[in-house]
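Residue numbers (the numbering used here), protein chains in the order written: chain Z, 14 to 255; chain V, 14 to 255.
No lab work stands behind these hints, which were simulated from the structure alone.
One or more hints might be untrue.
You can't tell identical chains apart in this list, so a pair holds if it fits in one copy or across any two.
Straight-line distance between alpha carbons at most 25 Å, and here's what the computed SDA-like set of lysine to any residue pairs gives [as the list claims (entries may be wrong)]:
1) 144 with 131
2) 187 with 155
3) 152 with 218
4) 157 with 167
5) 152 with 167
6) 152 with 188
7) 152 with 184
8) 177 with 216
9) 59 with 187
10) 175 with 225
11) 177 with 162
12) 152 with 226
13) 139 with 124
14) 187 with 147
15) 157 with 213
16) 252 with 125
17) 177 with 62
18) 157 with 137
19) 59 with 102
20) 152 with 163
None of the values given here were measured: they were computed from a predicted structure.
Number of protein chains: 2
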Amino acid sequence: MLDLYHAEPVANSMKSLLCLKEKGLRFTSHYVDLLRFEQHSEDFVKLNPNGQVPVLVHDGAVITESTVINEYLDDVFPEVPLRPRNLAERAQMRVWSKFVDEYFCPALSMWGWHLMVRRVAQSLSKNELEKVLERIPLKEQRDKWATIAGESFTQAQLEESKRKLSVSIERMEKILARSEWLAGSSYSLADINSYSMVAAVPRMFPEIMNPQAMPLASAWLDTMNARPAVQAALSMPNKVPE
Amino acid sequence: MLDLYHAEPVANSMKSLLCLKEKGLRFTSHYVDLLRFEQHSEDFVKLNPNGQVPVLVHDGAVITESTVINEYLDDVFPEVPLRPRNLAERAQMRVWSKFVDEYFCPALSMWGWHLMVRRVAQSLSKNELEKVLERIPLKEQRDKWATIAGESFTQAQLEESKRKLSVSIERMEKILARSEWLAGSSYSLADINSYSMVAAVPRMFPEIMNPQAMPLASAWLDTMNARPAVQAALSMPNKVPE
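Could you build the full structure based on these sequences and the hints that come with them?
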């Protein structure tokens, strides 16, 4: 029994959806509506006390954190291997995934909150917002909601995040000058874990990532977009208006 | 051939030293003197462009990031296994190690910079400091040095980090109420990756971690301190004055 609790096929939900699709695993999809704050509901917080998607439930074991879920899937279902056989490349896969989690993703996420989640927060009455805040289990998440419902991040914070996005794509470009994929000669979780983040950059900041400035990263993204598993993951329900 | 470039047996250097000692692996130790800024030297930055310790070199492969180094060591030298055999516990090991890297360690690190590295920064002349800053490869590290050489972190930032340290130890206490070790029934990289961070807390903030308030975390630390591998790692060169 394999169950995935996830939101739209973007950001961290996409990471685990794509891993499942690449492995051709059958799973029960449980859509968690972030716009209705289902991730903070009593039932969901029982599953993941942090109130965050995605969550994998496998034969009763609850696995959180998309990066960890993907290594778990490769541990348990190794038939379609998604970690390099070469152990130094496997380490590179983990270094890159760590960089995505700690640097690239938070930088992109700040802009996502500023441009998109902010609209949701501002559509709520003061009363409604208070009710939402009350139910958020992590203080860091509560603070972020309070920030975007108010004045949002400062211009300096947003610029710094944009700089980090540039650094991230430049780093990708350098890696792809040495190897076909982000962790060496084989397609791996390093590629899967980056896909949904990288895909957002040319749409949000075409000046940072375009085929002239970043030819290798752009070609990598085209190759990723053409993968059947990516297409299958992207065709999952998406209730967010364009 | 196994070479470790590391500083004192504290913080991230300790993580990899302890893993090597637990596995009983012979390695060549290369001491990197952080007080002389050897981590920013031309030679070292060739090895790790981020200018950070520890770095493992194994048969020519360069592995960075202590958490990744430790999984690599367990991949390559599985004779003394340090990852749970149960794959859900192995995922828990990764979730906890990720929490240490992203939450616990940065919170503790801010206090380390404020209380210790700050003294180093302030002992430098303006000219010397500029020379140090010039050679630091990561902007984030340069900014941190500039911060502590100046007014340091704000009281609000320091308090927030202290709150995070409390949260971290409370979370440990909860885990240890359910299982003997931090990732289930076997000693693992989750314990190794936390040791040097946790060991600093009762010394720095006895009000946060003491045997009355946090009996299970305190007992865990006693058990860790008694391990021969911990003692062996702690006896590595330590040139920092008490």
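*Quick check: which numbered hints come out false for this structure?*
Violated: none.
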